[in-house]
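What follows is the residue order along each chain.
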Amino acid sequence: RKEVEQDPGPFNVPEGATVAFNCTYSNSASQSFFWYRQDCRKEPKLLMSVYSSGNEDGRFTAQLNRASQYISLLIRDSKLSDSATYLCDPMIYNQGGKLIFGQGTELSVKP
Amino acid sequence: NAGVMQNPRHLVRRRGQEARLRCSPMKGHSHVYWYRQLPEEGLKFMVYLQKENIIDESGMPKERFSAEFPKEGPSILRIQQVVRGDSAAYFCASSAGGDTQYFGPGTRLTVL
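Those sequence lines, one after another, are chains A and B. Residue numbering for the first sequence follows the working numbering, starting at 2 and increasing by one per position. Residue numbering for the second sequence follows the working numbering, starting at 6 and increasing by one per position.
Keep in mind that the hints were calculated from the coordinates and are not lab data. From the three backbone atoms N, C-alpha and C, an ideal C-beta is built for every residue, glycine too. Wrong hints could be hidden among the right ones.
[Unchecked claim] Computed, partial: chain A to chain B, Cβ under 8 Å: (1) S33; (2) K43; (3) L48; (4) G98; (5) E107; (6) K111.
Can you build the whole structure from these sequences, using the hints too?
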């Protein structure tokens with residue numbers, strides 16, 4: 002089983018739609034969770050950090066289910082500028098904090 | 006406060022040459038991470054360094070690759086005798102020792 006698995010995508014949605022991505026992780030020792038976005042294979046940019054059960058920031062909501070070992074990202078009222086690849090990341094502190102990225106889920110928001 | 010800086014942004018090398026990639030962490034950050042993204046693949050961890058120490062190099066290829074983070078100056082990722090399969094984007098990230106990592110713009114290496 003891969004350490005991190007994400008919805009393969011691509012997701013093609015119209016502007017204004019609500020879209021959700023899922024990410025499962027295999028290592029139950031994971032302590033912090035991050036969602037990054039990557040545009041056109043440029044550098045990843047931090048979108049959200051998740052430490053407890055979830056986090057919300059404007060149109061973006063991340064939820065964590067430790068028992069089932071998955072995290073999700075919900076985007077409401079999608080904008081054209083949300084088009085990107087979304088990377089899920091669990092981190093384990095005693096491994097030095099290295100990020101183990103999933104393959105990413107590609108989102109394309111259409112007018 | 007400048008972000009993570011990497012140079013060069015683009016590097017072209019012929020097979021057999023050496024590639025040196027540099028990374029200057031954000032001001033106040035003493036932890037540096039290198040990641041590689043091969044074409045059509047996800048980002049993979051390579052190495053984690055603190056000043057003058059390699060903490061975790063579990064993602065580094067066994068041969069030809071080395072990294073350092075000297076007391077003064079940037080972190081260097083060195084690839085000796087490059088091959089076409091080394092062509093990739095190499096990203097550096099830094100942190101202050103907490104969990105949040107900030108990425109540099111990357112170096113795109115092309116091996117001819």
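Check your understanding: Holds or violated: A:S33 as interface residue toward chain B, Cβ cutoff 8 Å?
Key -> Constraint on A:S33 satisfied, holds at 5 Å.
Check your understanding: Does A:K43 pass the interface hint, meaning its C-beta sits closer than 8 Å to a C-beta of chain B?
Key -> Cβ of A:K43 sits 7 Å from chain B, so the hint holds.
Practice item. Let me know if the C-beta of A:K111 comes in closer than 8 Å to any C-beta of chain B, holds or violated. Key: Cβ of A:K111 sits 23 Å from chain B, so the hint is violated.
Check your understanding: At a threshold of 8 Å, is the proposed contact between A:L48 and chain B supported by beta-carbon distances?
Key -> Where the cut-off is 8 Å and the nearest Cβ of chain B is about 12 Å from A:L48, the hint is violated.
Point to revise | Restraint satisfaction for A:E107 [CB to CB of chain B, less than 8 Å] | key: Status violated, d = 12 Å.
Check your understanding: Taking 8 Å as the limit, does the beta-carbon of A:G98 come near enough to a beta-carbon in chain B?
Key -> holds (6 Å)
In the structure shown, a violation is registered for the earlier hints numbered 3, 5, 6, in ascending order.
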